[in-house]
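Q: Respectively, the protein sequence lines represent chains D and U.
The first sequence stops at residue 325 when you use the numbering used here, and every number in between is there.
The second sequence stops at residue 272 when you use the numbering used here, and every number in between is there.
The set of hints was computed from the structure by calculation and includes no laboratory data.
Zero decoy hints are in this set.
As a list, the in silico BS3-like pairs of lysine-lysine whose alpha-carbon atoms are at most 30 Å apart:
id: 1; chain 1: D; residue 1: K16; chain 2: U; residue 2: K258
id: 2; chain 1: U; residue 1: K143; chain 2: U; residue 2: K235
id: 3; chain 1: D; residue 1: K308; chain 2: D; residue 2: K272
id: 4; chain 1: D; residue 1: K31; chain 2: U; residue 2: K258
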Amino acid sequence: MITVEGLKKNYKINVKKGIFKREQQINEAVKGIDMQIKPGEIVGLLGLNGAGKTTTIKMLSTLIEPDGGKGDIDGMDLIKNAFEIKKIINMIAGGERMIYWRLTAKENLEYFGKLYNLPKKLLKNRIDELLSFVGLTEKMNVPVEQYSKGMKQRLQIARGLINDPKYIFMDEPTLGLDAPIAREVRKYTKKLARENGKGILLTSHYMNEIEELCDYVYIIDKGRKVMEGSPRDVISIAAKNTNKYIIRLESFSDKLKNNLDDFIKSVSSEYKIDNFDNAYDIEISSNKDIQSELITLLSANAKVLSFKVQEPNLEDAIIKLLEVS
Amino acid sequence: MAGKVFNSILAEAVKQYKSNYHSRMVYYSMLFWPILQLFASYYSYKPFENSKASNVISALVGKDKVFAFVIFGYMGYMFFGSFIQSAWRFSYERVSGTLELIYITPASRIGIMLGNALSSLLVSAWMFTVFCAGALIFFTDLKLKIYMLPVAILCLTIPAICWGVFLNTLFMFTRDSGLLFEVFQAPMEIFGGAKIPYQAFPFWGKLIGGIFPLTWSLIIIRKIFMNGATILNIKSELLVLILFCILLSILSKYLLVKAEKYARKTGNIAMF
Numbered sequence: 001m002i003t004v005e006g007l008k009k010n011y012k013i014n015v016k017k018g019i020f021k022r023e024q025q026i027n028e029a030v031k032g033i034d035m036q037i038k039p040g041e042i043v044g045l046l047g048l049n050g051a052g053k054t055t056t057i058k059m060l061s062t063l064i065e066p067d068g069g070k071g072d073i074d075g076m077d078l079i080k081n082a083f084e085i086k087k088i089i090n091m092i093a094g095g096e097r098m099i100y101w102r103l104t105a106k107e108n109l110e111y112f113g114k115l116y117n118l119p120k121k122l123l124k125n126r127i128d129e130l131l132s133f134v135g136l137t138e139k140m141n142v143p144v145e146q147y148s149k150g151m152k153q154r155l156q157i158a159r160g161l162i163n164d165p166k167y168i169f170m171d172e173p174t175l176g177l178d179a180p181i182a183r184e185v186r187k188y189t190k191k192l193a194r195e196n197g198k199g200i201l202l203t204s205h206y207m208n209e210i211e212e213l214c215d216y217v218y219i220i221d222k223g224r225k226v227m228e229g230s231p232r233d234v235i236s237i238a239a240k241n242t243n244k245y246i247i248r249l250e251s252f253s254d255k256l257k258n259n260l261d262d263f264i265k266s267v268s269s270e271y272k273i274d275n276f277d278n279a280y281d282i283e284i285s286s287n288k289d290i291q292s293e294l295i296t297l298l299s300a301n302a303k304v305l306s307f308k309v310q311e312p313n314l315e316d317a318i319i320k321l322l323e324v325s
Numbered sequence: 001m002a003g004k005v006f007n008s009i010l011a012e013a014v015k016q017y018k019s020n021y022h023s024r025m026v027y028y029s030m031l032f033w034p035i036l037q038l039f040a041s042y043y044s045y046k047p048f049e050n051s052k053a054s055n056v057i058s059a060l061v062g063k064d065k066v067f068a069f070v071i072f073g074y075m076g077y078m079f080f081g082s083f084i085q086s087a088w089r090f091s092y093e094r095v096s097g098t099l100e101l102i103y104i105t106p107a108s109r110i111g112i113m114l115g116n117a118l119s120s121l122l123v124s125a126w127m128f129t130v131f132c133a134g135a136l137i138f139f140t141d142l143k144l145k146i147y148m149l150p151v152a153i154l155c156l157t158i159p160a161i162c163w164g165v166f167l168n169t170l171f172m173f174t175r176d177s178g179l180l181f182e183v184f185q186a187p188m189e190i191f192g193g194a195k196i197p198y199q200a201f202p203f204w205g206k207l208i209g210g211i212f213p214l215t216w217s218l219i220i221i222r223k224i225f226m227n228g229a230t231i232l233n234i235k236s237e238l239l240v241l242i243l244f245c246i247l248l249s250i251l252s253k254y255l256l257v258k259a260e261k262y263a264r265k266t267g268n269i270a271m272f
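Chain D on its own, in the form it takes in the complex (with noise of 0.2 Å):
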């Protein structure tokens, strides 16, 4: 099991003053984490850019050193023990750099195979399997600068299970690829987790991706813990009163338009309206619940084509804790 406490990492920036001069500030990129991820779960860590997200990942894969707080990964000391952890841990980041892109795929994962000392029958094996298991067997001896955004994804995920690490970072793995290959991603990491039991800590701005995959989830900004909690919790607590109302209307008059913003501002709520396909999408968000007005409102107004009422979100979870911190 991964266990941290206080983690803490600070970063000295230089500041330009001039043609010359710099200024030294410190920026406290982590102020004090603490969380849990066990064998076959999957922990999502979340928040804004800046949040701390990376720092945390990158000091996990002991590739910073905290500056505070403690650490262990399965009782070894992140610090004292980083060579013994590097080999059950491995990094899955998104974008197309981190591989050779004039080797192969199979030349990157003999590489980086041999770069754990994996035996030659056992390494074979296992980039057979993986390239199996990433769907790139037919292509293996095509370099990888022939690859499309999505191939070169899927490489990565082979690559950071050459080692069969007990625990993954992966820090936004589908960021900036197409929806059925983001799928395909999503698909492969709930089999690393629930079939190989993987502990997996995963860093991703797509919250229906959170939300499909992980089992816990974290929520930190500014360097700091907001709120932690199963994804299901953190939608309850911090969005509860967040009711969402997205109705489709045939019209809408001014007459129908100066109603509703007179209303949407008596009620602290606000609205957005889409014109499509010869009708009025109307979206609004309230801490209350106003639906019987609305009903009435819009009705008196206008024909209402379609109401409905929308389940709050981890997205609305953490738009609103984000809000409040």
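Add chain U to chain D, keeping to what the hints say.
A: Leaving out everything else, chain U in the frame of chain D:
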């Protein structure tokens, strides 16, 4: 432990080789460029022939040996140069993000550096062969004792690898590796004795030249090829060279540990 180091060396050397010698054009160019370099060194010597500078050299190495002196100097310099290039090339790992992935593995760090340096061996060995063949054709009065050829090869290869690994470790500290490249390259070319004999420099020039293993490699190579030297004739220079190699190896190992510690502290590993 030895297996881990060996696997790291092998993995890195094979990877660099496959990354850099990926097309036929590279091999075609290898057929031509050492020959072109050989001609270039010959014609850069030509205007120099019978000049005052040439007289200085001929007073030190013998009148009929000035051209051979220049050729072997050039070859040694090019040999070291290719190892320096390989060290410089490694800095691209930082840009492509793969340096992070290397550091995340438990691979032998010194093994990686050695493997990277060794990937240049093919080019260097080929260039050495072309220059040796050229020297045998051009100079009928070479006094090389054939059993000393392996010694000459080792005296070039091992210090060049140690130098390449050392530079590589320095490049691990900083992303501004181009500056280090310039800082070492030019003084080595001038004071390393590639074109002007080391003995011809004033004391301060000898001090600068003396810190480059190339200087000592060149003295040994020239003595072996041009004077028919045996081990006994080169023992003091050989001792200096061995000490250099040991010192560079210890320093590289120490700096590698320091560089990784520094990178973990500052997070500069991902900066490029």
